[in-house]
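Read off the chains here:
2 protein chains.
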Amino acid sequence: MIFSDEYFMLEAIKEARKAFEKDEVPIGAVIVCDNMIIAKAHNLTESLNDVTAHAEMQAYTAASAAMGGKYLTGCTLYVTLEPCIMCAGASFWTQIPRIVFGATDPKRGYSNIGNRILHPKTSVTGGIYEFECAQLVRMFFQKKRN
Amino acid sequence: MIFSDEYFMLEAIKEARKAFEKDEVPIGAVIVCDNMIIAKAHNLTESLNDVTAHAEMQAYTAASAAMGGKYLTGCTLYVTLEPCIMCAGASFWTQIPRIVFGATDPKRGYSNIGNRILHPKTSVTGGIYEFECAQLVRMFFQKKRN
Chain P
37 MIFSDEYFML EAIKEARKAF EKDEVPIGAV IVCDNMIIAK AHNLTESLND
87 VTAHAEMQAY TAASAAMGGK YLTGCTLYVT LEPCIMCAGA SFWTQIPRIV
137 FGATDPKRGY SNIGNRILHP KTSVTGGIYE FECAQLVRMF FQKKRN
Chain H
37 MIFSDEYFML EAIKEARKAF EKDEVPIGAV IVCDNMIIAK AHNLTESLND
87 VTAHAEMQAY TAASAAMGGK YLTGCTLYVT LEPCIMCAGA SFWTQIPRIV
137 FGATDPKRGY SNIGNRILHP KTSVTGGIYE FECAQLVRMF FQKKRN
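If you read the protein sequences in the order shown, they are chains P and H. When we follow our numbering, the leftmost residue of the first sequence carries the number 37, and every step to the right adds one. When we follow our numbering, the leftmost residue of the second sequence carries the number 37, and every step to the right adds one.
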């Protein structure tokens, strides 16, 4: 499974777990270029008091710094939850060619609006470790309710 | 005109001019709460090498810090160009009740996708100093072509 989508999604899940431990909605992301992880991030909206601090947004910024260029050419984003409209809108500007996500987000996922908000160069694969990714989020909200 | 939409849009235009002087696409934003400007920002995508560094995104982050809360309750965003999908998607998360923009962006403006990506609490006014806001962007691209 080396360098497979599953391999990199497990890295994104590790990031999501870090968010969970910080009492943040547990979403994690990594960006991969030439089979190397060039950015890792997890949701920090509570810690940073900033609704824009989604895992993906931070990962895009970090990956651009690592790449030394604005465009994430040749990169893949792995994220545990389907990106929201903000994060999908940001992916358009990055021109990232591939997005792989774990669980769908029927309420806030970009696909509610349709695929046309993504860059025409961007292809999407969903459902990698879907159960594990969704389970983390479910556990988080269950803990909140108790 | 004190504390009118025109007054605050002129402040956003000042920010856009700062971007112009830095050879950035000239878009500026301010966020106002109780007639006080709590955040000012301009597009810095080139300087920061980061496609997410739109004026609005930086303004949301700065305003949240100024407010000491994630939600921009009681605030108004003034921005010289109609927000893109990323920035409109971010505005959803801030729950900002009002957005005022200058020029429309027929190519990349959020309204291409429809109003439903905004928070139901958010109202929008467009066309404040439309000519001046658009003129700055036109001048920028004219300069680029020469």
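Honestly, the hints are just simulated from the structure, not real lab data. There may be inaccurate statements among the hints.
To be verified - Below 20 Å or equal to it, Euclidean Cα-Cα: the simulated PhoX-like pairs (lysine-lysine) are:
hint, chain 1, residue 1, chain 2, residue 2
1, P, 106, H, 76
2, H, 54, H, 179
3, P, 179, P, 157
4, P, 54, P, 157
5, P, 180, P, 157
6, P, 157, H, 157
7, P, 143, H, 54
8, H, 143, H, 180
9, P, 58, H, 106
10, H, 76, H, 54
11, H, 157, H, 54
12, P, 180, P, 58
13, H, 157, H, 106
14, P, 180, H, 106
15, P, 106, H, 58
16, P, 76, P, 58
17, H, 180, H, 58
18, P, 157, P, 58
Against the structure, the hints come out as follows:
A hinted pair counts as satisfied when its Cα atoms are at most 20 Å apart, and residue 106 (chain P) with residue 76 (chain H) does not qualify at roughly 23 Å. In summary, the hint linking residue 54 (chain H) to residue 179 (chain H) is supported, as the alpha carbons are separated by about 16 Å, within the 20 Å threshold. Restraint check: the Cα-Cα separation between residue 179 (chain P) and residue 157 (chain P) comes to about 39 Å, which exceeds 20 Å; the hinted pair is violated. For the given pair, residue 54 (chain P) sits about 31 Å from residue 157 (chain P) by alpha-carbon distance, which is inconsistent with the 20 Å threshold.
Between the alpha carbons of residue 180 (chain P) and residue 157 (chain P) the distance comes to roughly 39 Å, so the proposed pair goes past 20 Å and is violated. Distance restraint check for residue 157 (chain P) and residue 157 (chain H): the Cα-Cα separation of roughly 34 Å exceeds the 20 Å cut-off, and the hinted pair is therefore not satisfied. Under the criterion of a C-alpha separation no larger than 20 Å, the hint pairing residue 143 (chain P) with residue 54 (chain H) is inconsistent with the structure, at around 39 Å. For a cut-off of 20 Å, the pair hint linking residue 143 (chain H) to residue 180 (chain H) stands: about 19 Å separates their Cα positions.
As the CA atoms of residue 58 (chain P) and residue 106 (chain H) are separated by approximately 17 Å, the hinted pair is consistent with the 20 Å bound. Distance restraint check for residue 76 (chain H) and residue 54 (chain H): the Cα-Cα separation of roughly 11 Å lies within the 20 Å cut-off, and the hinted pair is therefore satisfied. Of the pairs offered as hints, the one joining residue 157 (chain H) and residue 54 (chain H) is violated, with about 31 Å between alpha carbons and a cut-off of 20 Å exceeded. The straight-line distance between the Cα atoms of residue 180 (chain P) and residue 58 (chain P) is roughly 13 Å, inside the 20 Å bound, and the hint therefore holds.
About 16 Å separates the Cα atoms of residue 157 (chain H) and residue 106 (chain H), which keeps this hinted pair within 20 Å; it holds. With a C-alpha separation of about 18 Å, the suggested pair residue 180 (chain P) and residue 106 (chain H) falls inside the 20 Å cut-off, and the hint holds. Distance hint between residue 106 (chain P) and residue 58 (chain H) is fulfilled; the C-alpha atoms sit about 17 Å from each other, no more than 20 Å. Restraint check: the Cα-Cα separation between residue 76 (chain P) and residue 58 (chain P) comes to about 16 Å, which is no more than 20 Å; the hinted pair holds.
Our distance criterion of 20 Å between C-alpha atoms is met by residue 180 (chain H) and residue 58 (chain H), whose separation comes to about 13 Å. Taking the CA atoms of residue 157 (chain P) and residue 58 (chain P), the gap is near 35 Å; set against the 20 Å cutoff, the hint is violated.
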